[in-house]
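End of the sequence shown sits at 242 in the UniProt record's numbering; the numbers just go up one at a time, nothing left out.
In short, the hints are calculated from the structure, not lab data. Glycine included, C-beta positions come from ideal geometry on N, C-alpha and C. Among these hints, one or two may not hold up.
Said to hold, decoys possible - Okay, derived cross-link-like pairs now, BS3-like style, lysine-lysine, Cα gap no bigger than 27 Å in a straight line:
#1 LYS150 with LYS184
#2 LYS115 with LYS78
#3 LYS208 with LYS148
#4 LYS184 with LYS237
Unchecked claim - Estimated spans, in silico, between C-beta atoms of each pair:
#5 TYR146 with ARG22: 42 to 50 Å
#6 GLU193 with ASP122: 45 to 53 Å
#7 ASP26 with PRO65: 20 to 28 Å
#8 ALA233 with GLN63: 44 to 52 Å
#9 LEU235 with LYS189: 18 to 26 Å
#10 GLU17 with HIS49: 16 to 24 Å
#11 HIS143 with PRO109: 30 to 38 Å
#12 GLU187 with ARG10: 23 to 31 Å
#13 GLU17 with ASP232: 26 to 34 Å
#14 ARG29 with ASP232: 41 to 49 Å
#15 PHE140 with ARG10: 24 to 32 Å
#16 ARG22 with GLU111: 16 to 24 Å
#17 THR118 with LYS236: 44 to 52 Å
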Amino acid sequence: MAEQEKYKMRCMAVDDEPFALRLIADDIRKVPFLELVRTCPTPMEALDHLRKDPVDLLFLDIQMPVMKGTEFLRILDKPPLVIITTAFEQYALEGFELHAIDYLVKPIPFERFLKAVTRARDQYLLLHAKTTEKQDGSFFFVHSEYKKLKIFHHEILYIEGLKDYVKIFLTAQSRPVLTRLNLKAMESKLPAEQFCRIHNSYIVSLPKITSTQKSQVFIQDTAIPIGDKFADAFLKKYRAGI
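Could you put the whole structure together from the sequences, leaning on the hints where they help?
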């Protein structure tokens, strides 16, 4: 159970039928290791949200107006783990060719749903373990709320400076870690190839940037300003793909 809670999978469901979408959402909420992030009635809406806020597991209908689920999968640059949910059995082969974890035919018994998501969780944990073997070697400690906390570099979204304090925003929690440290000292703890100071008050994780505009970057749905004196160095590093 502790392992499941630590690795809670963020989920999105895509289906053009409102009733089917509600059923999938209800089933997701019953499973302790799943977290429903969003439901979408169309692939185009899902595409927009996935670009801003990627998920770990996608529940995807096949037969939808405008764009089929399989067509949608083919245009994703980095698709998450996928479970197909459809009323049509004939798309099973195509779904597995696109590396779907499982193929569920509606109406979906909860026992069958649970078997599919357990398989997805096992695959996710395997992938996560391989990733953390490469990434978890880099971390530092901070003091926050009378506790000593271990902060992994790869879990940092961005850092906001507040005079003699910083807020560290992390992937695994909605509430930032507040610690007594100035931004310059924090910058010295971070690898330059992964992080960049883009403003007097902000350091960002370059891999976590989802989009950029002329004077700001976006990490998930958060807009972070780019200071004029930092812009050239940031753009050079970001465009180099570092």
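Practice task
Sort out whether LYS148 lies within 27 Å of LYS208, counting only the CA atoms.
Solution key: Between LYS208 and LYS148 the Cα gap is close to 25 Å, so the pair holds against 27 Å.
Handout entry: Pairwise beta carbon distance, GLU193 to ASP122, judged against the given window 45 to 53 Å
Key = 32 Å, violated
Practice task
Below or equal to 27 Å on CA atoms is what counts here, so check LYS115 against LYS78.
Solution key: Measuring from Cα to Cα gives roughly 24 Å; hence the hint holds.
Handout entry: Cβ distance range 16 to 24 Å for GLU17 and HIS49, holds or violated
Key = This hint holds: roughly 19 Å between Cβ atoms.
Handout entry: PHE140 paired with ARG10, Cβ distance criterion 24 to 32 Å
Key = 26 Å, holds
Handout entry: Outcome of range test on Cβ distance (THR118, LYS236; 44 to 52 Å)
Key = 46 Å, holds
Handout entry: Outcome for the supplied range 23 to 31 Å, where the beta carbon pair is GLU187 and ARG10
Key = 29 Å, holds
Practice task
Please test the hint of 18 to 26 Å on the beta carbon pair from LEU235 and LYS189.
Solution key: 24 Å, holds
Problem - Pairwise beta carbon distance, ARG22 to GLU111, judged against the given window 16 to 24 Å - result: 19 Å, holds
Handout entry: Pairwise beta carbon distance, TYR146 to ARG22, judged against the given window 42 to 50 Å
Key = 44 Å, holds
Problem - Given hint LYS184 paired with LYS150 - CA-CA distance at most 27 Å - result: 19 Å, holds
Exercise for the section: Take the C-beta atom of GLU17 and the C-beta atom of ASP232, compute their distance, and say whether it sits inside 26 to 34 Å. Expected result: 50 Å, violated
Checked against the numbered hints given earlier, the structure breaks hints 6, 11, 13 and satisfies all the rest.
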